[in-house]
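Novice: One-letter residues, chain by chain:
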Amino acid sequence: EAQVTQNPRYLITVTGKKLTVTCSQNMNHEYMSWYRQDPGLGLRQIYYSMNVEVTDKGDVPEGYKVSRKEKRNFPLILESPSPNQTSLYFCASSLLGGRGQETQYFGPGTRLLVL
Amino acid sequence: GENVEQHPSTLSVQEGDSAVIKCTYSDSASNYFPWYKQELGKRPQLIIDIRSNVGEKKDQRIAVTLNKTAKHFSLHITETQPEDSAVYFCAATPYSGGGADGLTFGKGTHLIIQP
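In order, the protein sequence lines correspond to chains A and B.
Residue 1294 is where the first sequence starts when you use my numbering, and the numbers rise one by one after that.
Residue 591 is where the second sequence starts when you use my numbering, and the numbers rise one by one after that.
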């Protein structure tokens, strides 16, 4: 089944404790992206990747890191989480590299609480 | 960068009536405008999209119109049904001649279908 998976789905952590949210897609998509969703603010892009070893900042990259060592995986890293990073995070992928113009398929979301 | 405004933030309509959600964008170079539907507790899913060379697109009860001159686009849902209740997001992305540009989303419209 074609899908985007994220792990963990729920995470409670404390300020400053490094964490990684994994994202994987099995559709051979070139383009992958991370968004955060906050009430009243919609979906805001954190980072995106056109292909392996190619990543770029979105609208709200501060406090986050990403890597794209393999085509299927695009982990989101929070080196030193802070309470303002409490949010619902979505990973998404699309077939074509560049511009995000094709249909984006979203993962199930990861709900993060930073205490 | 691109800025997308979406209105209204909440829309309540009687079942069977029509619903219209409007978005405006700032970057005249934007050329792809998707709409995503997010049901409660679920991931966003694409329901319809339109490209800048088309003025209108229809898929059963859903239609999208685009006015490039005024830089606005709208989602129209006719004969609304209870399953249409959800949050709807519009988005836009500009063409940059080769670079990757992510989607900029509006803040969302919570559509409530009253029985």
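Everything labelled a hint here was simulated from the structure, so no lab data went into it.
Incorrect hints may have been included.
What the hints assert, rightly or not - Computed cross-link-like contacts, EDC-like style, restricted to lysine to aspartate or glutamate with a CA-CA straight-line distance of at most 20 Å:
no.	chain 1	residue 1	chain 2	residue 2
1	B	Lys697	A	Glu1363
2	B	Lys647	A	Glu1395
3	B	Lys632	B	Glu592
4	A	Lys1350	B	Glu592
5	B	Lys697	A	Glu1372
6	B	Lys648	A	Glu1395
Stated by the list, open to error - From the structure, some residues in chain A lie toward chain B, with a derived Cβ separation under 7 Å:
no.	residue
7	Gln1338
8	Tyr1341
9	Asn1344
10	Val1345
11	Thr1348
12	Gly1351
13	Pro1354
14	Phe1399
15	Pro1401
16	Gly1402
Glycine residues also receive a C-beta, built at the ideal position from the N, C-alpha and C atoms.
Novice: Could you tell me which of the hints above the structure violates, numbers in ascending order?
Specialist: Hints 1, 3, 5, 9, 10, 11, 13 not satisfied by this model.
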